[in-house]
Structure formats: C-alpha cells, structure tokens
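Trainee: Can you build the whole structure from these sequences, using the hints too?
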Amino acid sequence: MGYCLWCHQAFQPKIGFRSFFSIDIHTGFCSICYKQLQPIDERECCRICGRHLKLIDAKYIKDDVCRDCRLWENSEWRGLLCKNRSLYVYNDFLKEVVKAFKFQGDVALVHGFKTDVCRFYKKHFRNAVVVPVPLSFERLAERGFNQSEHIAALIEKPVCHGLIRAIHENKQSKKGRKERMAHRENPFKANQKFKERLEGQSVLLIDDIYTTGATIRMAAEALRIFKPKEVNALTLARGA
Amino acid sequence: MPANCTSPAAPPAKISFLFNQDLQKILYGRRLLLDEIPLPKDLINEHAAHGYVKIDRAVNHRPLTCKRCSNHSLRLFYAYRCAKCGQMCYYCRRCLKLGIVKSCSSLVEWTGPAPDVWKPDSQSLCEWKGELSEAQTIAASALLESVKRQENFLVWAVCGSGKTELLFPAINEVLSQNKIVAIASPRTDVVLELAPRIRQAFPQVPISVLYGGSRERRHPAPFVLSTTHQLLRYKNHFDLIIIDEVDAFPFNYDPMLAFAARQALKPSSPLVCLTATPSRELREKYLSKSLNGIKIPVRFHGYPLPVPESKWVGHWRKQIKKGKLSPVFLKWLNQRVELMHPVFVFVPSVEVLYMIEPIIKQASAAAVGGVHANDPDRHQKVMDFREGRLQILVTTTILERGVTIPYADAAVFGADDDIFDEQALVQISGRVGRDMNHPTGSVIFFHYGVTLEMTRAVKHILNMNKEGQL
Ligand SMILES: [Zn+2]
Ligand SMILES: [Zn+2]
Ligand SMILES: [Zn+2]
Ligand SMILES: [Zn+2]
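Each protein sequence line maps, in turn, to chains A and B. Number 203 in my numbering belongs to position 177 of the first sequence; there are no gaps in the numbering. Number 664 in my numbering belongs to position 434 of the second sequence; there are no gaps in the numbering.
It should be emphasised that the hints constitute simulated quantities derived from the structure, not laboratory data. Please note: incorrect hints may appear among the correct ones.
[To be verified] Only pairs whose alpha carbons sit at most 27 Å apart, straight line, appear in this in silico DSSO-like list of lysine-lysine:
id	chain 1	residue 1	chain 2	residue 2
1	A	K80	B	K591
2	B	K591	B	K611
3	A	K121	A	K253
4	B	K611	A	K121
5	B	K327	A	K140
6	A	K183	A	K253
7	A	K121	B	K327
8	A	K219	B	K314
9	B	K284	B	K297
10	B	K496	B	K551
11	A	K128	B	K591
[Stated by the list, open to error] According to the in silico footprint, chain B covers these stretches of chain A (three or more CB under 8 Å from chain B):
id	segment
12	120-132
13	164-172
[Claimed, not checked] A few chain A residues facing chain B, derived, Cβ under 8 Å:
id	residue
14	Y29
15	C30
16	I58
Computed from a prediction, not measured in an experiment: that's the story for all the values here. Here a beta-carbon is modelled for each residue, glycine too, at the ideal position from N, C-alpha and C.
Mentor: What follows is the structure, given as structure tokens:
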C-alpha cells in the first residue's frame, strides 16, 4: 500500500517502487490523479518539437512538422535540435503539479513521473548522455534546487553537468524570445570539464517544460563546440 | 489600520535598544518563517540578540519533526541535497501550502512587548438585529457562560439551526474586553460564506480574513476569520477560537488542524467546536460530561429536517459506463429543473463525476456544472451555482458542509457507495430546506441496494426531528 504523492489517498501501486533514502517510500500518483495527466500520443506529435498535432489547426502542419518548427528549421538555428519529446500536454492539472513542484518546492512530486520518464528514455534516447538544463547561480540559490536535475535523476544514469548558465535572466518570460534571440544573448556556456564525455556523443537535454523551444536550442548551441553527434530533449510538458 | 496603534508599549527589556515597530506588528502573536518576514535579516538578528525575537530551527532531526505543524510522519517528509545550505535537507510536505519548511529554515516569534491591537469604544459591538429562537437563546447563553469561565465548549447543532448567530453574545463579550477572537474552519468555502455575515454583525471591528490567496489580511486584528491551516502561523495569540464544522474533512483525519488551533490559543483560553455530526471522540467527551456543550436539534425556522427517500436505480455503475442514466433518476431531476430549484447531485468519486456530468448535460436543459476538491475553478463554480448561473451542481462530497443555497434539492447518486457513511449522508440532507421561505425540500438516495449507513442516516434525522419537537 502506498500514498498518492498528489492527493495523499492510500492506493495500491501497480509496480514496485523503490524506497528513497531508506526512510520511507515515496510512490507515484494514484490512478485517479494519473488519469488527469494527458499523455501526448507519440504517433500523433510533431516530428521535431513533439507537440500534440491534434491540438493545432491542420493548416499549420506539413509532413508531421508544425509551423513553429518549420520556422526554426528555416532560420540560422537549423538542425541544432534533432527532436524534443514531451510526456504530457501542459493542461490545468499538470500546471498545478508543476507549480507545487517548482515554485512551492515539493520535490517529492517528481517521482510521479518516473515510470514515464524512464520509458521515454529507453524508447527514444537509449545511451544518450543526460544533461539537465541548468539554472543560473542566483536562481538556484533562491529556489534551493534545480527541477531539471531532479527529473534527470529519475533515469538513474550518471548525469553530466555539461552546461553552465552564466547569465541570470530576471524574469524569463518578460523578455520576448525574439528579443533574446536577436541579441544573441545565450545564457548558456559549455562546461569545458566535460569535453571528453560529450565530444561526438548523442546528448539528451532534460528540462521541465518546452514552450517556444528557445531555451533548448540555446542550450544546444552552447554545446556545439563539443561537436555532438546529435542533441535531443526530453521534457515533462509541451506548453502551448 | 486601527486608530490607536501609535502609543509606545511597555518599557522594553533593555532600555538602550529601540525596537522596530513594523517588526513588532508583523510578528506579534505569530510564528513565521524567517523568509516570510519582509524585513532585512540583520534587523531580525539584532532583535534576537536583544531578546525581542526568538529564532528556532524549523525542523527537528531526532526525531524528525516539523516544528510548525508537528508532523512526524516519515511519509510526509522528503530530503534532497539543498543548494541553499549544501546539506541533505528535509522538508515537510504536510504544511507545504503555507510556504516550505526545510531543515535550513528558521521560525521566528516575537518575545518583546505587545502592541496595542485595537480599542473597542463600546460594550456592545454586535449590531445584528435579528432575533434568536428559544433554542438558540438557551445555547447562546450557555456558550457565553462557558467562555466567561474559560472552558471549552461543544455546540452540537443540526445543520441550518443558525449556529453563527448564537456565537454573537460570546464573541461580543470577548471583543469588548479588548481581547482577540478567531473563527476557523477547515474549508475555505465556509470562511468565504461567513465573512460578509460577520462583517455585517460587527461593523466597527477590524476583521482579517485569511485563506490561501485572500487579500483582506491585516495584522494584528482583534477578529480573525481563517481556514484552520492559517492558524499555523499564530502562536499563543487568541483568547477564543471557534472552529466551525469541526468534523469536516479533513479535520477528523488530520491531527495537524487540531494542533494548529491549540498552538494559536493562549494557554488557558477556550476552544469552541461547532458541528452537526461530532466525531466519536467529541461525542463521548460530551456525553461523559468531560466537555461542556449543548445540543440543538431544532432548525432555526422551526421546521424539521427533510427525511431522505431512497430510490432503487439498478446497477448504476454499469449504466454510466454505457453513458446511460436510470429513468427514475432523470425523471426526478427534470421535475426539479421544471420547478426551477437548484439541485445538488452528490457522487461518490471524481471518476463517477467525470462520467456522469456529460450524461446529465445531454439529458437536461438546465445549466450543469461539476466540481471536485482539486478543481481549480471550484470557488467560481460554487459562486455560479449560488447565483443561479448553474442550476445543477454535480459534486463529490467536498460540498457536504457549509454551502447554503435557498430552495435547493439534493440527490445522492450511488448512495450505496462506501464513501457515503452516516455522517456524510446526514450532512448532505442538511443542505436542503435551509431557507426560511422554503423549509422543505427533496433529498433522495439513489442506490443499488440499501446500506446500513443509509438506514442509520434516516434514523439519525428522524431522531433529531423528534428531539426538536420537544
Ligand atoms: Zn491521487
Ligand atoms: Zn513542432
Ligand atoms: Zn510541517
Ligand atoms: Zn537547506
């Protein structure tokens, strides 16, 4: 018997969950809570950004690629990101969970995503080197943890801190993507310590939400000096 | 801001130190996280050095305990390598909604002189013009006497017996002595419903209304309306706390809220519990006379509670899976809709809610809404229902208590489900016929086999009605 991480009701977990820190077991979400997550069908998503194609107008779709991705691929950012896969649509329920996880600091909630994160990793990105998208030093000090780090840890493979976030962006959303991209202010830098580990490798970036794709592409650009074989991304949610 | 806040307080412990009055006002009577205080940390530390403030670690490691909410259940802690303190840091998941308590957090209390909170300029602050019924008058004076003696009290009153009004004499007594009162409820719905009524009854008294996201916060205020959760931010502060719907989920299950109330009270000050269906523990204490109290079986308008009827609808689970609803249920529902009555449809779970809501929408011309505990639009939907924009409200048991809608009828769909115990069914029946102009109403248990709990609930209501006639 376990307790749902979200609603705290007792429930019977489907598969064995491991215990953490040997103090107690933090199991996943109960079936009622889990059902409120809206998985993105892998056969019906944009080949590049992984968004649910059913949710956008058909006139914007061409060869299973959405308009945003076509714009990216027609710009100087072409080919930087091979593909992103998001587990779920960023619906109201997931927004609530992410709010509690990221902003209220309920880190334990991340274990509710473990099964799906591991499944996606094995299916799409097996053997890729896992690189969590870092926070700036200031943000990390303020929040106390990096959410991407905790998502990456679910995979139970060594994590490579191949990126540094050198520029602290005050309120990320305030400055438009266009402005940031136009100024070429890439907040990320490659961490030279991990040159050998990353050179010529297939890299998997981990982040919580893919919204415009700008963050992930800037992270990919920073890694370019290592000449990785390809850069992919795995995110919990595909935002609007 | 209260008018008389400027006079300097009693002489401080060390004359040479001038304390910060903003800090005094923020902290007085409370216990806050260091991070919650919008003042420089140096200033707070300086006050601690002079004995005006006490700073404590927020988490005890041996045994693992959250000092804010007293949680010591391992399941409700989690640890990770904290980027703030560089250590493995535990945090408490139980009181997280009030802001995170971690191993590296500190709790801060004010230990300096008290500020002037407010001064009443009259002995009768209550301007409520209504009249108490005979039963209410008896209860109100018993409560008043008990509060004067500083003794705990139980008001065991059937739903709709006008519990709020009978509190007014006791509240007036405490406030007029320049003391501090709180009414707390486990549910935000109840706090929201209470606030306008209290403001009307005590128009001169500064009132603070506290719930997650409320804006009407002032501190210190002599009268606080609050969710029981928010009481965790107080310590040793109130001269009287009244807990409305004390048994409402999750109070029964959650020792945290009982702890919160005790902590927030001054050591020998009384706690008053209001409930229609006391827990076994409270009931036994009352019956064995170790707890003072009074039972009010009669409703304030003098009419009995509606006695629920039971109607068999067959295998409802199977039916809704096929997208169907029993004609017996639909016939009743449509009758109510034609009468223009608001209708509560109580369902056993969120799953059933999701299945049944679209079927009802299709089968009925009325505006239908569904609501459950984690619904972010919950308050809006209840408001829409209250104001008539929704006519049928399909809900899980979260709304058993505290929401009053005139002319409402209630259906319990799937009344044979385990979740509907005697207490829940009695509470649901109390939703109906709460308006003086419309004291009767229809309550139907739609079921696939009568349960013991259903029979007990009907018996309970018949008993209350019988006692009320005496
Ligand atoms: Zn759950
Ligand atoms: Zn795309
Ligand atoms: Zn706690
Ligand atoms: Zn820490």
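Trainee: Against each hint, give a clear statement of whether it holds in the structure.
Mentor: Now the hints, each set against the structure:
Restraint check: the Cα-Cα separation between K80 (chain A) and K591 (chain B) comes to about 25 Å, which is no more than 27 Å; the hinted pair holds. Straight-line distance between C-alpha atoms of K591 (chain B) and K611 (chain B) comes to about 15 Å, which keeps the hinted pair within the 27 Å bound. Under the criterion of a C-alpha separation no larger than 27 Å, the hint pairing K121 (chain A) with K253 (chain A) is inconsistent with the structure, at around 35 Å. For the hint linking K611 (chain B) to K121 (chain A), the alpha-carbon distance of about 20 Å falls within 27 Å, and the restraint holds.
The hinted pair formed by K327 (chain B) and K140 (chain A) meets the criterion: a straight-line CA distance of about 24 Å does not exceed 27 Å. For the given pair, K183 (chain A) sits about 22 Å from K253 (chain A) by alpha-carbon distance, which is consistent with the 27 Å threshold. For the hint pairing K121 (chain A) with K327 (chain B), the CA-to-CA distance comes to about 16 Å; that is within 27 Å, so the pair holds. Between K219 (chain A) and K314 (chain B) the CA atoms are separated by roughly 24 Å; this keeps the pair inside 27 Å, and the hint holds.
For the suggested pair K284 (chain B) and K297 (chain B), the alpha carbons sit about 14 Å apart, so the restraint of at most 27 Å is met. Taken as a hint, the K496 (chain B) and K551 (chain B) pair is broken in the structure, with Cα atoms around 54 Å apart against an allowance of 27 Å. Straight-line distance between C-alpha atoms of K128 (chain A) and K591 (chain B) comes to about 37 Å, which puts the hinted pair past the 27 Å bound. Counting residues of the segment 120-132 of chain A whose beta carbon lies closer than 8 Å to any beta carbon of chain B gives 5, which reaches the threshold of three, so the coverage claim holds.
Remark: the segment 164-172 of chain A is confirmed as covered by chain B, as 6 of its residues place a Cβ nearer than 8 Å to a Cβ of that chain, reaching the required three. At about 6 Å, the closest approach between the beta carbon of Y29 (chain A) and any beta carbon in chain B falls short of 8 Å, and the interface hint on this residue holds. Violation of the interface hint for C30 (chain A) is found here, the shortest Cβ-Cβ separation to chain B being roughly 11 Å, above the 8 Å cut-off. With a cut of 8 Å, the hint placing I58 (chain A) at the interface with chain B holds, because the nearest CB-to-CB distance is about 6 Å.
Consistency with the previously given hints fails for numbers 3, 10, 11, 15, ordered from lowest to highest.
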